[in-house]
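Peer 1: As a plain string of letters, each chain reads:
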Amino acid sequence: MSEPSSVLVVGASAAGLATVESLRRGGYRGTVTVVGEEEHAPYDRPPLSKQVLSGNWESDRSRLRTESALVETGAEFVLADPAVRLDPADRTVHTASGRTLRAEAVVLATGLRPKRLPGRDAAGVHVLRTLDDSLRLRAELSRARNVVVVGDGVLGSEIAATARDMESDVTLVGPQAAPMADQLGPRVAGMLGELHAERGVRLRSRAGVEALQADHGRVTGVRLETGETLPADAVVVAIGAAPATDWLADSGLRLDDGVVCDSRCRAAAGVYAVGDVARWHHEGLDQSMRLENRTNATEQARAVAANLLGADRPYAPVPHFWTDQFDAKIQVHGVPHPESEVTVVEGDPAERRFVARYARRGAPVAVLGWNRPKQVRARRQEVVETFSVPALEPS
Amino acid sequence: MKVAVDEEKCCGAGQCVLLAPEVFDQRDEDGVVILLDEQPSENLHGPVREAADACPAAAIEVSEGA
Chain A
1 MSEPSSVLVV GASAAGLATV ESLRRGGYRG TVTVVGEEEH APYDRPPLSK
51 QVLSGNWESD RSRLRTESAL VETGAEFVLA DPAVRLDPAD RTVHTASGRT
101 LRAEAVVLAT GLRPKRLPGR DAAGVHVLRT LDDSLRLRAE LSRARNVVVV
151 GDGVLGSEIA ATARDMESDV TLVGPQAAPM ADQLGPRVAG MLGELHAERG
201 VRLRSRAGVE ALQADHGRVT GVRLETGETL PADAVVVAIG AAPATDWLAD
251 SGLRLDDGVV CDSRCRAAAG VYAVGDVARW HHEGLDQSMR LENRTNATEQ
301 ARAVAANLLG ADRPYAPVPH FWTDQFDAKI QVHGVPHPES EVTVVEGDPA
351 ERRFVARYAR RGAPVAVLGW NRPKQVRARR QEVVETFSVP ALEPS
Chain B
1 MKVAVDEEKC CGAGQCVLLA PEVFDQRDED GVVILLDEQP SENLHGPVRE
51 AADACPAAAI EVSEGA
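Top to bottom, those sequences are chains A and B. Numbering-wise (full-length UniProt numbering), the first sequence opens with residue 1 and increments by one. Numbering-wise (full-length UniProt numbering), the second sequence opens with residue 1 and increments by one.
Since the hints were derived computationally from the structure, they do not count as laboratory data. Hints are not guaranteed to be accurate.
Unchecked claim - Beta-carbon label-pair distances, calculated as ranges:
(1) B/I34 with A/R99: 21 to 31 Å
(2) B/S41 with A/V84: 24 to 34 Å
(3) A/A269 with B/E38: 44 to 54 Å
(4) A/T31 with B/E64: 20 to 30 Å
(5) A/N56 with B/D28: 20 to 30 Å
(6) A/K115 with B/G65: 44 to 54 Å
(7) B/E64 with A/L79: 35 to 45 Å
(8) B/V62 with A/R99: 50 to 60 Å
(9) B/S41 with A/R99: 22 to 32 Å
For every residue, glycine included, the Cβ atom is placed at its ideal position computed from N, Cα and C.
Please model the entire structure based on the sequences and the hints provided.
Peer 2: As structure tokens, this is what we get:
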């Protein structure tokens, strides 16, 4: 396919912006338009549960690019105007304010929407996805005494750690045996749970939430399925997120926990998806995949930009994510299946500095570093083959 | 080309080292970026720009010209 004369990117966060920059880096000189739901210039999300939430950073510091760098891209940014409908046949996007934007290629980068607990949210109940969410929660944490975080995935665990560092009384509630057990496996998640407990976070693991309690419209507690009630003047609901595809419901695109794409991240002729919202076929693993992490936003955008410019290459990354909680910096290359065999290959878990290798049926599937970012990056090579697209057999 | 890194933003992912090991390294103890060459020679400009694009913490700034 020859280069499109114009590209419309729907979503003005990390993946959308990286698409624009990679197109320009690849020499693309056509018209580029970015349409975004929020009023803010593109900003970074990982700091929202850490440096921005704690107040260590002013919100400006989470900006991904300066104003002048955005201008340099030569793209037009249409902000505070969410897309509401896509017609893939003529690649037309309609926005809430009534704009109609048409381009030869469309890139969907609308990210995620946080899930909420059923019922109406009382005051003091928060989710964390946007910069505004983070600032609202920051204000609340600065006066809250009892904070309950519902959800023990990466976001909930990070928020619990940050809130505890802000000297709130924090309880972390979730269904897993230990925080992030699904992502880290039981052994390392157990160590993370120990770290939280040591720092004074109360853990309620394998716990289901029955209801939030409120009085006069203000949250007062979280009732667990065991009957226990945790007092709370602030509750953070971090029970996961769903791809923001509601606006694509009548587009005719295939939606199945994300925008379903082929191995090139193409959803339809001239329509691509990137970042948290994209479900694509990973040829190296021969499986459908969707990743909710920051590194993927950029890497997938680079792949899509290359494909828009005619590369026709499968996107088959070694997934990477990191999390910072208290003084633990955890980095993972690969996908640590919860049932993997875990071997410490460097350092000492007792000293909280180590690298572990995860293997499944003998094949290495991930390497994890705990306060060993450099050393684990050096071992990324050990899992590359597992994720590589097999070379074509000569015929 | 001039390269600058923001150590405080750096998340230690090491993407820059994978892409341009001649210009970037990481500290042994915490993985924070070390800038080896503030003004890399022209043959490295491509990988350095790629590293700046790929950095998941937007911690690398490249100014062209001069």
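Peer 1: If a hint holds in the structure, say so; if it does not, say that too.
Peer 2: Hint check:
Between B/I34 and A/R99 the Cβ separation comes to about 46 Å, which falls outside the hinted range of 21 to 31 Å. The hinted range of 24 to 34 Å is not satisfied by B/S41 and A/V84, whose Cβ atoms lie roughly 49 Å apart. Between A/A269 and B/E38 the beta carbon distance is about 45 Å. The supplied range of 44 to 54 Å therefore holds. A C-beta distance of roughly 23 Å is found between A/T31 and B/E64, which places it inside the suggested range of 20 to 30 Å.
Between A/N56 and B/D28, the C-beta spacing of about 25 Å keeps the proposed range 20 to 30 Å intact. Between A/K115 and B/G65 the beta carbons are some 47 Å apart, a value that agrees with the proposed interval 44 to 54 Å. Distance hint for B/E64 and A/L79: a CB-CB separation of about 26 Å, inconsistent with the stated range 35 to 45 Å. Between B/V62 and A/R99 the C-beta distance comes to about 33 Å, which lies outside the given range of 50 to 60 Å.
Distance hint check: the CB atoms of B/S41 and A/R99 are about 46 Å apart, inconsistent with the given range 22 to 32 Å.
Checked against the numbered hints above, the structure violates hints 1, 2, 7, 8 and 9; every other hint is satisfied.
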